[in-house]
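Visitor: Chains as they are written, first to last, in numbering that gives the first Met the number 0: chain A, 0 to 435; chain B, 0 to 238.
Simulated from the structure, these hints should not be mistaken for lab results. Ideal Cβ placement from N, Cα and C applies to all residues, glycine included.
Simulated restraints, written as ranges between beta carbons of each label pair:
#, chain 1, residue 1, chain 2, residue 2, range
1, B, Gly14, A, Leu410, 41 to 49 Å
2, B, Thr138, A, Thr337, 16 to 24 Å
3, A, Glu435, B, Arg59, 26 to 34 Å
Interface residues of chain B toward chain A, partial, derived using beta-carbon atoms under 8 Å:
#, residue
4, Asn49
5, Asp55
6, Thr74
7, Asn75
8, Ala79
9, Arg81
10, His93
11, Leu95
12, Arg97
13, Met106
14, Gly112
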Amino acid sequence: MNAPAEAPRALEAPRPLPPLPRGRAGLSLGQAMLAALAALAANKLRAALTALGIFIGVAAVIVTVAVGAGARQQVLAQIQSLGANLLVVWGANVRMGGVSLGAGQRPNMSWDDAQAIPREIAAVQVAAGTIRQQQQVVAGNQNWATTVIATDPDWFVAHDWTLEEGRFFTAEEAMAGRKLVLLGQTVVQNLFGEENPIGREVRIRATPFEVIGVLGRKGQNPMGQDQDDAVVMPYWTARRSVMGASRAFARAVSTISVKVHEGEDMAAVEEELRQFFRQRHRVAANEPDTVQIRNLSEIAATRDASARTLSLLLAAVAAVSLLVGGIGVMNIMLVSVTERTREIGLRLAVGARPADILRQFLLEAVLLALLGGAVGVVAGIGLAHGLAGAAGWPVLIQWDAVALAVAVSGLTGLFFGYWPARRAAKLDPIAALRFE
Amino acid sequence: MLIETEGLTRHYPSGEGVVAALEDVSVSMAPGEFVAAMGPSGSGKSTFLNLIGCLDRPTRGRYRLAGEEVARLSTNRLAAVRGEKIGFVFQSFHLLPRADALANVEMPMLYRGIPRRIRRERAAEALARVGLESRMHHTPSQLSGGQQQRVAIARALVNGPELLLADEPTGALDSRTGLEIMALFQALNRAGVAILCVTHDADVAAFAGRTLRFRDGRMFEDTRYPPVDAAAMLKQSFS
Chain A
0 MNAPAEAPRA LEAPRPLPPL PRGRAGLSLG QAMLAALAAL AANKLRAALT
50 ALGIFIGVAA VIVTVAVGAG ARQQVLAQIQ SLGANLLVVW GANVRMGGVS
100 LGAGQRPNMS WDDAQAIPRE IAAVQVAAGT IRQQQQVVAG NQNWATTVIA
150 TDPDWFVAHD WTLEEGRFFT AEEAMAGRKL VLLGQTVVQN LFGEENPIGR
200 EVRIRATPFE VIGVLGRKGQ NPMGQDQDDA VVMPYWTARR SVMGASRAFA
250 RAVSTISVKV HEGEDMAAVE EELRQFFRQR HRVAANEPDT VQIRNLSEIA
300 ATRDASARTL SLLLAAVAAV SLLVGGIGVM NIMLVSVTER TREIGLRLAV
350 GARPADILRQ FLLEAVLLAL LGGAVGVVAG IGLAHGLAGA AGWPVLIQWD
400 AVALAVAVSG LTGLFFGYWP ARRAAKLDPI AALRFE
Chain B
0 MLIETEGLTR HYPSGEGVVA ALEDVSVSMA PGEFVAAMGP SGSGKSTFLN
50 LIGCLDRPTR GRYRLAGEEV ARLSTNRLAA VRGEKIGFVF QSFHLLPRAD
100 ALANVEMPML YRGIPRRIRR ERAAEALARV GLESRMHHTP SQLSGGQQQR
150 VAIARALVNG PELLLADEPT GALDSRTGLE IMALFQALNR AGVAILCVTH
200 DADVAAFAGR TLRFRDGRMF EDTRYPPVDA AAMLKQSFS
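If we strip away everything but chain A, and leave its shape as in the complex, we get:
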């Protein structure tokens, strides 16, 4: 037994200790933090399960915001690729003798209509008539079926096309019917692979054309068509060498792309265009329009709005899970306060102020929530990248949303930790010390 050996030693020495220097009153933040961490470490599984609620909430917020932002970014990129401030005019559903021939089936607009639009309507920047045809394009021993677009140089402006290499054709070259083409990147890939096609020859319907440019990449349009799978040539070149349309439709175009000046009212211009064609086609007041006008970026904008609604909905669900996580924190903090009632009594007895106890328990709740939040951030970002890789979803990590999620998790801890912490601080030391 070591007790008898110790007892006499203890009797020799116990002088009272010298008085302590007076420090700052109250528990320091660092000490409160250490105490809170120690309390969490004492119940690791419980802390982890409680933090799980916050973790799921924060991870869900980050993933849903990233997916929503990614979807919106994709839609915005598509709007960009269509061309800004763009109206496209199509032939309307034409009836001949009571038989509907279908929209755009019978060309009822001409190259000259397109030329007249910027002259007649001041708000229009450029207008380009276009005719499209599926054709086999041959280069060396490779061939590729693609859309041949016959148009004017203004078309590149209207659709905001960029150049990957080479140049666009000029108005003079177009009028002269020079045998020049620009290739979309999908066409380049299939005909030339990695080789540079500038200056090379392609043949369409046995006619040789010189490749003078490669268009910049646009990707899919909102309807899912590959905009890079196209060959573009001057309108009059196509008329003479490729399309060989009947004499009746020798100047016909199937669509007219109209680019409106920045800042103009698109709806007003659309109405002016409608009136322009009614006049030009001499439509009687009781007859339907001969053309239909589509605002493509408006269609895309609608998709953007629905993507936004969806991501708001998902964010709301994520916020609810944060709330549930917060209630979990409150629950466990109440349990913790009850369990540690005697400890609280002791701390009060040795000189802790109620504010010190409040601070300690509040900090514990905030740390618990922040812990869940921090792990949630890591998991959320990981999951978002995982979705991007595995499901091919476009995701975009929004760092302000990440910061917000962490801040909200901390605030959740503060909010839901306050009541339990206050309960702890208000304990009567005598009752707390006697608590069984």
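Given the coordinates of chain A, work out where chain B should sit on it, guided by the hints.
Guide: Positioned in the frame of chain A, the structure of chain B alone reads:
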């Protein structure tokens, strides 16, 4: 005087009426005195201890601790008085189960904003004075009951208090260990620390030099006598 009370009274509301836990106690205690408060349960001795320890406020009456009127102090000032002037020793030790002896003894200093280095030194010194320098890094579960109570005494001493308040300090210990604790109290008292010890055991009260007897909320007897020497008794009985 270290302690001066005048008509100290504590009533608790209970159902429709009030319970007079302590009624009109006027007593004083000099610095360095060792006083026992005796009485059966419900006699008011614990209420008296709580009031002296600034854990509670009296319903009526005055209480001066080391010259300071404390009966009407704010909650925060009372906490500061407890931290600076009073050390508590409880029957059931009240140690933090996961902290080692050193951390347990350091704990009261956290609330006085004492820097870590000084806390460590001071806690180690306090543990050495109760004979536990070799047990500093043991947790309560690795210590015997007597050792745990010594850790608690070291914790009570660490802030350098003028008054030690003990509530049945030997109640959870066997007679020999209890005797060792009382010997430690007597040694501390000889070195100048005033001790107020609440007990229901006349044998424990015999180690103090003065006994206050309580019954039904009133102090009815205040006797002084030469104390029994606990160290001598320990030697006589167990060696």
